Structures are given as C-alpha cells and as structure tokens.
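Trainee: Chain residues, written in single-letter form:
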Amino acid sequence: MNLKLIPCLALVLSGLFPALSAHAEMDTFQISPVNVSDSPISVQVTNMDSGEWFTVFYKTNETTTDKFLHANLQVSDGDKKISSVPVEKIWTTNGVEFEFMVSATYLTTSKFTITEPERCDRK
Amino acid sequence: MVVISVDSTNIQSMPFAVRTDTSGNASFDKSINFYVIADPKGPPYTPGDNMHFSLGGANLSIYDGTNLVSSCSVAGGKVPSFMQDVNAPFMTNGVFYSFEMGTNHLESANFEICYGSGIHPAIDCYRFALRTFVPETSIGLLLGEKGDKIEVAEVLPGTPASRAGLTAGLIVQQINGVDSARYGIKMAQDGFRFGIVDLELVDPSNGKTNKVLLTTAKTFPSAIH
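Keeping their order, the protein sequence lines are chains A and B.
Position 112 (the first sequence) corresponds to 112 in my numbering; numbering is contiguous.
Position 34 (the second sequence) corresponds to 34 in my numbering; numbering is contiguous.
Hints in this document: simulated from the structure, not taken from any laboratory.
Please read these numbers as outputs of a predicted model, since none were measured by experiment.
Careful, some of the hints might be misleading.
[What the hints assert, rightly or not] Example chain B residues on the side facing chain A (calculated, C-beta under 10 Å, incomplete):
1) A58
2) N59
3) V69
4) S70
5) S71
6) S73
7) V74
8) G76
9) V79
10) S98
11) G102
12) H105
13) E107
[Unchecked claim] Here are the computed distance ranges between Cβ atoms for each label pair:
14) A/D77 / B/A153: 29 to 37 Å
15) B/M1 / A/K59: 42 to 50 Å
16) A/K80 / B/M1: 27 to 35 Å
17) B/D49 / A/N94: 30 to 38 Å
18) B/Q84 / A/I90: 43 to 51 Å
19) B/D21 / A/W91: 24 to 32 Å
20) A/T46 / B/P43: 57 to 65 Å
21) B/A88 / A/T28: 34 to 42 Å
22) A/T105 / B/P204: 51 to 59 Å
23) B/V212 / A/I90: 54 to 62 Å
24) B/A88 / A/K67: 18 to 26 Å
25) B/E154 / A/K59: 53 to 61 Å
26) A/N61 / B/L142: 53 to 61 Å
27) A/T108 / B/N176: 41 to 49 Å
For glycine and all other residues, C-beta sits at the position ideal for the given N, C-alpha and C.
Chain B with its partners taken away, still in its complex shape:
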C-alpha cells in the first residue's frame, strides 16, 4: 500500500475535493459536517491501467493522542445537487461522503481514500488530516520575530488583513492599545482569532505609523480546493 499524505502543497492535484459546513450545527465550536467528493478513478500507474475506487474505499480513523478512538469504512453515495463549487466531473461521477466530526478530536482524525487496480499490485491511499480543512477564525495574519519586535510574516489571501491592504514586513507596534512586546508572538497570534483587533503598525520602509481595526472572520486554510 502506498500512502500519499495530502496537505496544502499537493491538494490541488488530488482526485477528490473536500468541503466543510458548520451552518447546520447548533454551534461551530462543537461539530462540523465534512463532505468529501472523490473521483471514482485514481491516477493510473501506466496508460490503460485503471485505478478504481471500488477496489479501495474510504476510511475514517479518529485518535485520542496516539490511542485509537474509532475506525470504520465510510459509506459513499451519489453527489447531492446542493453541493456548490465542485468541478463538473466530480458532480457527475464522484462518490460522496458525508460525516460529522466533533471539534474536540479534529487534531487527530484522518480520512483515507484508496484506489486499487486489477492489474497493478499497489493500492494508493490518499490520507489527510481533517484539521487541514477546518475553517479558522482569524484576521489572516501570521507573525514572526524581527529582533525584539513582532512583524507581519505573512498575510493570508482573502482575509480581513489582506482586504485592509496589510503586507508582510510591517512591524506590529501595538495590539489593542498594548505594546506588542508584552504579548509575545504566541499570545499575539492567539489574540488575533477572536473579535475585533486594533493594530498599530509601522512600515519600516518609511517609518510611517498606521492604525487599523480588523474584525475576525472565518477563513479557510489554503489547502481547500
């Protein structure tokens, strides 16, 4: 069996798509619905080979740390019409998996999609951590250290920070009126996840200071396609 780990670097080329939905749950903090739409055919090893889903399957394994909580083969079905933003081949021929996960065990829950071939001995299993596809609440800033200061290391696209025009390299001088040095990176990053964030930023290229008020929003990791 060949296990292919799926993350943000290779998700775009995988034979499946993943969607999450929190709207039907009483609280986003408690559970999330996952929808996985898999192409019934996997990438062939050789032309004419036919890596097919029916010779593999889909499996959900949940751990508590390193201890197994549960594991089972997940039943698939036709892709329902309510699915949006899914490529046409997946909508027409895809196999649809729907399951609900509590947020407490997302960190160590893995979903596997496996393909087999009648003429090739290997079974290809694509494995991904469900956490990869969970929406996060943030303003979309990743921080780094520059000397004794905290700087913006990365601005995630499609987030409140990118919409406000923030760019990597800006120095975070104050967070909610408090000197950022008093936070430290981890606390500052955690503080960006909830509510309204008041930032005072310095552009080191011209020494100008700017203030921005950002409201956190649900953002998705770039791994989703």
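Chain A extracted, bound-state conformation:
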C-alpha cells in the first residue's frame, strides 16, 4: 500500500478537552477546534470520574468502505508508548463513530488517528 496516497485525519488530544491544534502535511490533516468544522469529524467529550470519554464521529461518503477505514488510539506517557490500539468502528447513519476513554493525565501525549484511502473530497 502506498502511504502517500492515504490521507489521514489526526486528532491530537491535549489539555482537558480535545484542544485540537492543526497542521496539514502531505495528505495528513491534524484536526483542531479551528478547523474541525471544516472536516468530516465532530468530537464530543464527556468528563467522567475516571477520565475523558471521547465520541468521535466521522462522516462517510459513498466511497467509504469498512475494509479500508481504520482508526487508531495511541496513548503515551511522555515519550514512552503505553499502547497503540485499533479502535472499533460503530457504523451509524451517514458515518462512523469511535468511542474511547483517556485519562486527563495522558491527553497531551496521546493521539487518535483516522485513516481512509483516497478521500478526494476532503483534500
């Protein structure tokens, strides 16, 4: 698979909320509060006793297929990786939801990434 052809939409979780700072490089988009409204992503964050509960909605189009849509949650402690896990997709009307919880302690160093090949309408 040619990675250069795969646009990635990345959320950087920082602070108590997904204070989403952004930059774009190649076909990778980092989502922030500034550009999230222009992206196919919406994020809900609920404060729970044990951490922040994230519900990320990714709007799909007619070219989206389950086979090639992937999401990954990477949790780190400073520069030490704690885990890197593919997150289950929950297909809903017009899109896919992802749910996960991250402790506030590890938000600044954790990352959630959605990968979908050849999403031309989002470039």
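Fit chain B to the known structure of chain A by using the hints.
Mentor: Frame of chain A, contents of chain B only:
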C-alpha cells in the same frame, strides 16, 4: 454480565488464543505486540443457544495502579496467514485483534472478550491480564526456603534449567560463586533473570554437589496455548 477471569489454570479451555511478538520492536524492553484470536462463538448455556461475539466485543483497559489510563473497544479483523501454531478453527473463523503495549503498563492492562446471546440474558466476558502472556527472561527455576537454605521449588518445562536436568528439591549452595544464603530468595530469583548463571547445587538425597552454567532465555508462562 458474567466475568470469567482467565489465568494459567483455565486458559486451555477458553474460546481464544493469545500470541506475543517482540521481534518487530526496537527493544523488547519497550513494547510488545499482542495478537488475540477469538472464536466468534462462545460456549452456549444451553444446547441450541448461540453465544456470539457480535453481541459482545473486545475491550482493552489500561490502568496506572488503580487509576484508569485508557479504555476502548478494539477493532477486530480476519486472521492473517502469518499467524503460526493456531488451531485450524481459529485460523478459519477467528476474529483477530492486534495491538501494541508498552512494557511499563503491562502489570495493570486487561483485555476482555465478551459473548452475548439473543435468547440468554447474560453476557460472558473473559478477562485476562496481558502480563500473563508476556515472555520472561529466566533460567526457569522457582526457589523456595528449606530451613536456612534455598532450594529449587519448581523447574519450569522447556527452560534452560529443565534442559540441564535440574529437578525440584535440589539445594542451591552457591550462585555465581557466592553463598546463596547471602542473596536471600528474592535477590536470588531476580539474579536468575539475566545473563549467565553459575549454580552450585547439592542433591540432598545423596549429598553430591554439582555445578551447572545456565544461560537465561526468553520463556513464556505456561498459560499460553
């Protein structure tokens, strides 16, 4: 929800298999890849019942002591052909989970596989600690105390110690040229985890003293199947 704890005593009868891989990582000390292959069907409560995976799911929860670090449902897929030593039904019909864990949080990371039924109200969740499936570096000896001496309490199968013919009951007289009494059990056991271990052992049945030189190797807990 019925939570079934999985450990070395019951792993063989579980509807899933676990493999670990450290070869793709820069350092075994930093992270480990876990592969879990689950049977899509769980054991039924009654004949004709169908405990199915799609009504449950798989979840990874990581803690720092008692505080939650993260938790999420893990995405599954088809079992890749590179998986080895996996039973045929799992290879054909199994659901494959692959994730990477840093070794710093293995002690308190749990993986759960849950099965539900359309006609049975209970959801069965099989829970296991990832640490159970991590390869250890050792010579394969477990120690015990016998009076003021240290003895071999157990020799783990498939390890350097078992290959050298060591048996339970041998008295550990010296470790790397030092009287074992100076180590104490914990320090002696820790000393067995790295490098080359020079042991002087006494067989109490005949009083004979033997010396063995053992090199530590990666061994897996007997829980793996």
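Trainee: Now, for every hint given, state plainly whether the structure supports it.
Mentor: Hint check results:
{"no.": "1", "hint": "A58", "result": "8 Å, holds"}
{"no.": "2", "hint": "N59", "result": "9 Å, holds"}
{"no.": "3", "hint": "V69", "result": "5 Å, holds"}
{"no.": "4", "hint": "S70", "result": "5 Å, holds"}
{"no.": "5", "hint": "S71", "result": "5 Å, holds"}
{"no.": "6", "hint": "S73", "result": "4 Å, holds"}
{"no.": "7", "hint": "V74", "result": "6 Å, holds"}
{"no.": "8", "hint": "G76", "result": "8 Å, holds"}
{"no.": "9", "hint": "V79", "result": "15 Å, violated"}
{"no.": "10", "hint": "S98", "result": "7 Å, holds"}
{"no.": "11", "hint": "G102", "result": "5 Å, holds"}
{"no.": "12", "hint": "H105", "result": "5 Å, holds"}
{"no.": "13", "hint": "E107", "result": "12 Å, violated"}
{"no.": "14", "hint": "A/D77 / B/A153: 29 to 37 Å", "result": "36 Å, holds"}
{"no.": "15", "hint": "B/M1 / A/K59: 42 to 50 Å", "result": "33 Å, violated"}
{"no.": "16", "hint": "A/K80 / B/M1: 27 to 35 Å", "result": "33 Å, holds"}
{"no.": "17", "hint": "B/D49 / A/N94: 30 to 38 Å", "result": "35 Å, holds"}
{"no.": "18", "hint": "B/Q84 / A/I90: 43 to 51 Å", "result": "32 Å, violated"}
{"no.": "19", "hint": "B/D21 / A/W91: 24 to 32 Å", "result": "30 Å, holds"}
{"no.": "20", "hint": "A/T46 / B/P43: 57 to 65 Å", "result": "35 Å, violated"}
{"no.": "21", "hint": "B/A88 / A/T28: 34 to 42 Å", "result": "40 Å, holds"}
{"no.": "22", "hint": "A/T105 / B/P204: 51 to 59 Å", "result": "53 Å, holds"}
{"no.": "23", "hint": "B/V212 / A/I90: 54 to 62 Å", "result": "56 Å, holds"}
{"no.": "24", "hint": "B/A88 / A/K67: 18 to 26 Å", "result": "24 Å, holds"}
{"no.": "25", "hint": "B/E154 / A/K59: 53 to 61 Å", "result": "57 Å, holds"}
{"no.": "26", "hint": "A/N61 / B/L142: 53 to 61 Å", "result": "59 Å, holds"}
{"no.": "27", "hint": "A/T108 / B/N176: 41 to 49 Å", "result": "45 Å, holds"}
Hints 9, 13, 15, 18, 20 from the earlier list are contradicted by this structure; the remaining hints agree with it.
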